[in-house]
Amino acid sequence: MLDLAWLILLFPILGVLINGFIGNRIGKKQVGRVACGAVGLSFLVGVAVFAALLGQEHGHTVTLFSWIAVGDFRIEAALLVDQLSTLMTLVVTGVGFLIHVYSIGYMAEDERYARFFTLLNLFVFSMLILVLADNFLLLYVGWELVGLCSYLLIGFWFERPAAAEAGKKAFLVTRVGDFGFALGVLLIFVTFGTLSYAQVFEQAPQILTAGLATAITLLLFAGAVGKSAQIPLYVWLPDAMEGPTPVSALIHAATMVTAGVYMVARTHVLFELAPASMMVVAVIGAVTAFYAATIALVQNDIKRVLAYSTISQLGYMFLAVGVGAYAAGMFHLTTHAFFKALLFLAAGSVMHGLAGELDMRRMGGLRDKMRTTYRTFLAGAAALAGFPLLSGFFSKDEILWRAFNSSIILWLIGLVTAFLTAFYAFRAVFLTFWGPSRVDDGVHIHESPRIMTTPLTILAVLAIVGGLIGIPHLSAIEGFLEPVFASHEAAHASGVLEWVLMALSAIIAIAAIILAQYMYLVNPGLPGRLSERYASLYKLLANKYYVDEIYLAVIVNPLRNFAGFLSQTFDAGVIDGAVNGLAAFFGRTGAETRKLQTGYVRNYSLAIVLGAVILIGYVILK
Amino acid sequence: MIPSSYYLALSAIIFVIGVVGVLVRRNAIVILMCIEMMMGAAGLAFVTFSRYLNSLDGQLAVFLVMAVAAAEVAVGLGIILAVFRHKETTDVDEVNLLKW
Chain A
1 MLDLAWLILL FPILGVLING FIGNRIGKKQ VGRVACGAVG LSFLVGVAVF
51 AALLGQEHGH TVTLFSWIAV GDFRIEAALL VDQLSTLMTL VVTGVGFLIH
101 VYSIGYMAED ERYARFFTLL NLFVFSMLIL VLADNFLLLY VGWELVGLCS
151 YLLIGFWFER PAAAEAGKKA FLVTRVGDFG FALGVLLIFV TFGTLSYAQV
201 FEQAPQILTA GLATAITLLL FAGAVGKSAQ IPLYVWLPDA MEGPTPVSAL
251 IHAATMVTAG VYMVARTHVL FELAPASMMV VAVIGAVTAF YAATIALVQN
301 DIKRVLAYST ISQLGYMFLA VGVGAYAAGM FHLTTHAFFK ALLFLAAGSV
351 MHGLAGELDM RRMGGLRDKM RTTYRTFLAG AAALAGFPLL SGFFSKDEIL
401 WRAFNSSIIL WLIGLVTAFL TAFYAFRAVF LTFWGPSRVD DGVHIHESPR
451 IMTTPLTILA VLAIVGGLIG IPHLSAIEGF LEPVFASHEA AHASGVLEWV
501 LMALSAIIAI AAIILAQYMY LVNPGLPGRL SERYASLYKL LANKYYVDEI
551 YLAVIVNPLR NFAGFLSQTF DAGVIDGAVN GLAAFFGRTG AETRKLQTGY
601 VRNYSLAIVL GAVILIGYVI LK
Chain B
623 MIPSSYYLAL SAIIFVIGVV GVLVRRNAIV ILMCIEMMMG AAGLAFVTFS
673 RYLNSLDGQL AVFLVMAVAA AEVAVGLGII LAVFRHKETT DVDEVNLLKW
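As given, the protein sequences belong to chains A and B, one line each in that order. Letter by letter, the first sequence follows residues 1 to 622 in my numbering. Letter by letter, the second sequence follows residues 623 to 722 in my numbering.
The hints are simulated quantities; they were obtained by calculation from the structure and are not laboratory data. A portion of the hints provided could be inaccurate.
As the list claims (entries may be wrong) - Here are the computed distance ranges between Cβ atoms for each label pair:
hint : chain 1 : residue 1 : chain 2 : residue 2 : range
1    : B       : Leu-719   : A       : Tyr-618   : 32 to 38 Å
2    : B       : Trp-722   : A       : Ala-584   : 17 to 23 Å
3    : A       : Ala-584   : B       : Leu-632   : 53 to 59 Å
4    : A       : Arg-588   : B       : Pro-625   : 55 to 61 Å
5    : B       : Leu-720   : A       : Thr-589   : 20 to 26 Å
6    : B       : Arg-647   : A       : Gln-597   : 17 to 23 Å
7    : A       : Thr-589   : B       : Ala-631   : 41 to 47 Å
8    : B       : Trp-722   : A       : Val-574   : 30 to 36 Å
9    : A       : Tyr-600   : B       : Leu-675   : 36 to 42 Å
10   : A       : Lys-622   : B       : Tyr-628   : 24 to 30 Å
11   : A       : Thr-589   : B       : Glu-716   : 29 to 35 Å
12   : B       : Trp-722   : A       : Lys-622   : 32 to 38 Å
13   : B       : Tyr-674   : A       : Lys-622   : 23 to 29 Å
Bear in mind the structure is a predicted one, so any value in this text is a computation, not a measurement. Backbone N, C-alpha and C fix where the C-beta goes; we use that ideal spot for every residue, glycine too.
Whenever a hint applies, use it, and build me the whole structure from the sequences.
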């Protein structure tokens, strides 16, 4: 069965070809079927692979063909099917399938329907390449392809300037990180002479010095920082919300943005050799988690709350892999894919029911009018908040526990962030679904069609029970991933302390929910008064710490001015000047020398005579 | 027996007269005649060397020079005639359209 893993890649690319070439002719219904069918079949193959992999000790390499062969240097287009990549495959295709189904309803009215599904399938294909790659080069190919798909899908409604700008911003900002990533891959090649995971990881302990390992891992991590929207390259993700909501759910919540976490987990052998890099990963993760959560507190756009929440949760994952808890990081990645995709899709359903409204100040009271959306959103928000026994609770708690064992400060940051998370999650719930209705008159509020609510329901179930795969001490996911992370997972130092901490985070989550209820339901005037009282702090948060403005002033504008100087002054003056100057020089020379052509015959004959005299004189006097 | 150098000196004198004539005269017919003189000078040099070297090659070349000269006069006079019909002059300084 494992040899058939290439089928996982085949179906999405077939979907791309069919929808891309004849999508406009076969009608919307068929387009939707093809796209969903492709991802669904991939998922089924993934499940079969997963089943075949159970109980196996080692991963399996499926070589498709020899891609590059120069002398001794070979790069195979090969898939590495092991526990880690299979888990990612299941997340990508499983959550991806549900989002595809949802999109059939969400995008039903769009005129570029076939284009949308083509790109969505292309994204799934690219992400699967990234996940299943067996060497760094193929990983890089997938890495760039998902970036391209992200760009195309953020700017899907490119007639809106904001969407086109957002797509460009996402592409350029991640480009900065990707450059570091490319350098890291090159450094690996220079150091090891090979790019295959197996060979690199095998030789790493002998070849790598601490400095070299730190350099390689930090460069790789730079790519992760860009792709997974961590400080300081997170600025593209909130803007990426300009894309269609299913895109936000699939790419900017569940899958692509987690590629960085996956990459760090995949190359954990290298990171283990560079404790300094591990520290950097953990600290950036923790700081990002806290930082983004504070911004999410005051956002009024429901999708932006979720976007900052995604950045924050990705920070948790990096915190986990940074302290060496790879399985915990992958566990949170999985549960986050469930509940964050759910939250985005539910938010999309709200938009759908409110004619595109995104501002939570103009929602409220939707609880009774959109029952399914409300229930599923509540399930997602509770899971995000870490409500006891839901999926987010187990995964976040696992991360906090491992962070606690590593550093009290990191744990404390994580704990405070957990409080903020629960608060903003339920702030969104209360503002959107509870309280009096603040919806504009004339908007016909309606529940979304079945094709949209069914995926929501399935995801809600997953968000609720998904945590059961990672219950402490009985963790199925940790056991499953053990062959990949073997000997790197420190043994659980269990004890009373762990349960105390777990209870503490449960209390914190519930306290935050109660506080949110008090502020937004019991005493709705309070947030306004608070924001007036602490006006400067509120303004700082509402303006996202002015980071966009700072980047604009410090990086974007100087670069833009420099480019303007190059194009206006340097290009026109120096480059064009050289070309035009050369032409003018020959023009003037010609204008002068042509005066020799007098038209008088005797001048010409004099020249002939002089020439003859000189030639003969030369011959005689030589 | 007159030495060869006398003939050669005469040939050179005639040739230089021809060259100077071409350079300083303006009448196209005079210029043509000067060219004929240069040809004649060349012919004289050929015959001189033919006698000096006891070879007939030089005399052969003279026949060639005379033929060329005849042909050249025919063409040259034809051109001068055509120009005269057009511009009513044989002054080469007035025929200077082909210039910058």
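Against the structure, the hints:
no.: 1; hint: B:Leu-719 to A:Tyr-618: 32 to 38 Å; in the structure: holds, 35 Å
no.: 2; hint: B:Trp-722 to A:Ala-584: 17 to 23 Å; in the structure: holds, 19 Å
no.: 3; hint: A:Ala-584 to B:Leu-632: 53 to 59 Å; in the structure: holds, 56 Å
no.: 4; hint: A:Arg-588 to B:Pro-625: 55 to 61 Å; in the structure: holds, 58 Å
no.: 5; hint: B:Leu-720 to A:Thr-589: 20 to 26 Å; in the structure: holds, 21 Å
no.: 6; hint: B:Arg-647 to A:Gln-597: 17 to 23 Å; in the structure: holds, 22 Å
no.: 7; hint: A:Thr-589 to B:Ala-631: 41 to 47 Å; in the structure: holds, 45 Å
no.: 8; hint: B:Trp-722 to A:Val-574: 30 to 36 Å; in the structure: holds, 34 Å
no.: 9; hint: A:Tyr-600 to B:Leu-675: 36 to 42 Å; in the structure: holds, 41 Å
no.: 10; hint: A:Lys-622 to B:Tyr-628: 24 to 30 Å; in the structure: holds, 28 Å
no.: 11; hint: A:Thr-589 to B:Glu-716: 29 to 35 Å; in the structure: holds, 30 Å
no.: 12; hint: B:Trp-722 to A:Lys-622: 32 to 38 Å; in the structure: holds, 36 Å
no.: 13; hint: B:Tyr-674 to A:Lys-622: 23 to 29 Å; in the structure: holds, 24 Å
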